[in-house]
Amino acid sequence: DSGVTQTPKHLITATGQRVTLRCSPRSGDLSVYWYQQSLDQGLQFLIQYYNGEERAKGNILERFSAQQFPDLHSELNLSSLELGDSALYFCASSVAQGNYGYTFGSGTRLTVV
Amino acid sequence: AQSVAQPEDQVNVAEGNPLTVKCTYSVSGNPYLFWYVQYPNRGLQFLLKYITGDNLVKGSYGFEAEFNKSQTSFHLKKPSALVSDSALYFCAVRDGGNDMRFGAGTRLTVKP
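Chains as they are written, first to last, in my numbering: chain A, 1 to 113; chain B, 1 to 112.
Derived from the structure by calculation, the hints contain no laboratory data. For every residue, glycine included, the Cβ atom is placed at its ideal position computed from N, Cα and C. Don't take each hint at face value.
Negatives, chain B to chain A, calculated, CB over 10 Å [stated by the list, open to error]:
1. Asn17
2. Thr20
3. Asn41
4. Leu44
5. Glu64
6. His75
7. Asp85
8. Asp99
9. Met100
10. Gly105
11. Val110
12. Lys111
13. Pro112
DSS-like, lysine-lysine: derived pairs with alpha carbons at most 30 Å apart [claimed, not checked]:
14. A:Lys57 with B:Lys22
15. B:Lys58 with B:Lys69
16. A:Lys9 with B:Lys49
17. B:Lys49 with B:Lys22
18. B:Lys49 with B:Lys111
19. B:Lys69 with B:Lys22
20. B:Lys77 with B:Lys22
21. A:Lys57 with B:Lys49
22. B:Lys77 with B:Lys58
23. B:Lys111 with B:Lys77
24. A:Lys9 with A:Lys57
25. B:Lys69 with A:Lys57
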């Protein structure tokens, strides 16, 4: 157990639907990062939050959004889902910005049918 | 912006032989370099990192990595590979306050 909790572990939904992925960071970590891992595109950075505020954006689609709540857990919302959104979505957390490494959750496998 | 390249999609080695997984990086400032390993259906696990100091960094499970500033490389090495080392390996770079950027990953297969 890495200390980063992601739910659900698996999610199957239809095209056009909306889903919410949840992440609880490791105790004491203020930063949360979301990554998408698909077979043909490796690990793509989506978005970062630090202590409730958005800090960095990567290749996140406009159909996707995220937020970090006062208790530091984060949610990634994916809407108008397409078949190509099927992937593993990882959350990672770290203490702060700088030279710290990340601790990853075990991921949510999203399948869009 | 920082970036990382892993030139090999796949590395195959025999058990007991030394292994090397290659990584090169590009950053504008001082690099913070990391290696992670991913086993099937699992998240990424931290192996080791280079921040400053000795160019040879030792990490988990007998892995080590050599930082070479002139070649902008951070290759992962292990003197004697195990079948259980078979996994997907990611090199990553963090440039100070920026987010971490990962390479495309290298699949290591160790054959008995």
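Hint by hint, here is what the structure shows:
| no. | hint | result |
| --- | --- | --- |
| 1 | Asn17 | holds (27 Å) |
| 2 | Thr20 | holds (20 Å) |
| 3 | Asn41 | violated (8 Å) |
| 4 | Leu44 | violated (4 Å) |
| 5 | Glu64 | holds (16 Å) |
| 6 | His75 | holds (18 Å) |
| 7 | Asp85 | holds (19 Å) |
| 8 | Asp99 | violated (5 Å) |
| 9 | Met100 | violated (6 Å) |
| 10 | Gly105 | violated (6 Å) |
| 11 | Val110 | holds (22 Å) |
| 12 | Lys111 | holds (23 Å) |
| 13 | Pro112 | holds (27 Å) |
| 14 | A:Lys57 with B:Lys22 | holds (28 Å) |
| 15 | B:Lys58 with B:Lys69 | holds (17 Å) |
| 16 | A:Lys9 with B:Lys49 | holds (28 Å) |
| 17 | B:Lys49 with B:Lys22 | holds (15 Å) |
| 18 | B:Lys49 with B:Lys111 | holds (27 Å) |
| 19 | B:Lys69 with B:Lys22 | holds (14 Å) |
| 20 | B:Lys77 with B:Lys22 | holds (9 Å) |
| 21 | A:Lys57 with B:Lys49 | holds (24 Å) |
| 22 | B:Lys77 with B:Lys58 | holds (10 Å) |
| 23 | B:Lys111 with B:Lys77 | holds (17 Å) |
| 24 | A:Lys9 with A:Lys57 | holds (24 Å) |
| 25 | B:Lys69 with A:Lys57 | holds (29 Å) |
Hints 3, 4, 8, 9 and 10 from the list above are not met by this structure, while the remaining hints are.
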